[in-house]
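Q: Sequence:
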Amino acid sequence: AKSTIQVSGEGSESLIATFEQNGTSMNLGEAVQFDSQSSVVPLAGPIEAIWDFNDGRVLRGNWENLKQVSHTYQANGSYKPTLTLTTALGQTAIAYGMVHVVSGVQPVAVIEASARIGRVPFVVTLDSSKSYDPDGEISRTLWHFPSGGFSQSAITTYTISDPGKYFVELLVEDNQGNMNSQWMEFVAFSEEVPPGNLPPVAQISPVGGFIDAPGAYYLDALGSHDPDGEIVLYEWRWKGQVLQGSGPYINLSQEFPYLDDLVLIVYDNYGASSTASQRILFLQRPDPPNSDFMVKGPWGSELGLASEQDGAHELGDLTTRLIFEALLDPGQGSFEWKVNDVPVGTTRELNYLFSRPGTHTVSL
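With this note's numbering, the residue at position 231 of the sequence shown is 231, and numbering never jumps.
To be clear, the hints were calculated from the coordinates, so they are not data collected in a lab.
Do not take every clue at face value.
[To be verified] Here are the simulated DSSO-like cross-link-like pairs (lysine-lysine), alpha carbons at most 27 Å apart as the crow flies: (1) LYS130 / LYS239; (2) LYS239 / LYS296; (3) LYS165 / LYS130; (4) LYS239 / LYS165; (5) LYS80 / LYS67.
Produce the complete structure using the sequences and hints provided.
A: What follows is the structure in structure tokens.
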């Protein structure tokens, strides 16, 4: 984070205060590192430094000893730390920073809009009431508009007067001081809709299949097209919400098993739309059962696991039976034994007498 500079007093040599931070958004209890070594100070005379962390705590001393300091904030909130440098001649320079301290889980910002595309003047109703906080409640809502204006209402309207693409941002803050944001794209056009305007065609690729969870699934709308114009806006919906972003590409990530319809809405340059959907299944596969087994001699002496020593065991003659015992508990699955790819048993334990010399393969 860079700082702004204010210089006052008299003197012929430059005095410029500045500092950098290891971050502006910090977790509660995480130390903020401040580094002011890039400040410009006169060569002669001591420089007094005052670090004010904006939470009631102040560090004061010789700047040579306070070029780098660390501070841990004890409460959530936004803070404006300052560094004041003063020379023996009274020159003063001040640097300003910003730190946002958060804890817990971030809130989720959700934008619902009455329309995404329209003819100017294009009036959009924006609704943030579906925003939520997993471990608390939403305490503040702030809309940022492309014109530079803002609104703090949960439901508000915005008018677009000129054709083009515009982005509206929603910022929400929870009762612990955590913040999160979401933005949405809007398109405005000025021409009258020509008679007989054909709607676009929406298409999602790839089609079908399921994805391992946790995992990610990349999809696109490159097969979508407009027969008599162009597609100007892509809207993706997942879990009942409009996904942040725009364009023909989307990446779905899921930690746990989940089944839902991914919905794509495409809009042409006159506001006509078309919808496509695809059922997406994130599936958590169980771990495969343990197929290893113990090889035992005729009197039950253990010769070793099949997975050890490449599974190789030697017999002296054809009169020796071997016992093969699965490690898997009977209540955890079923069994199928094969000798040289020929099924020979379906119980947990196989007692087998080899009838011919040579190398034989036993599998479970």
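Q: Could you check the structure against the hints above and give me the numbers of any it violates, in ascending order?
A: 2
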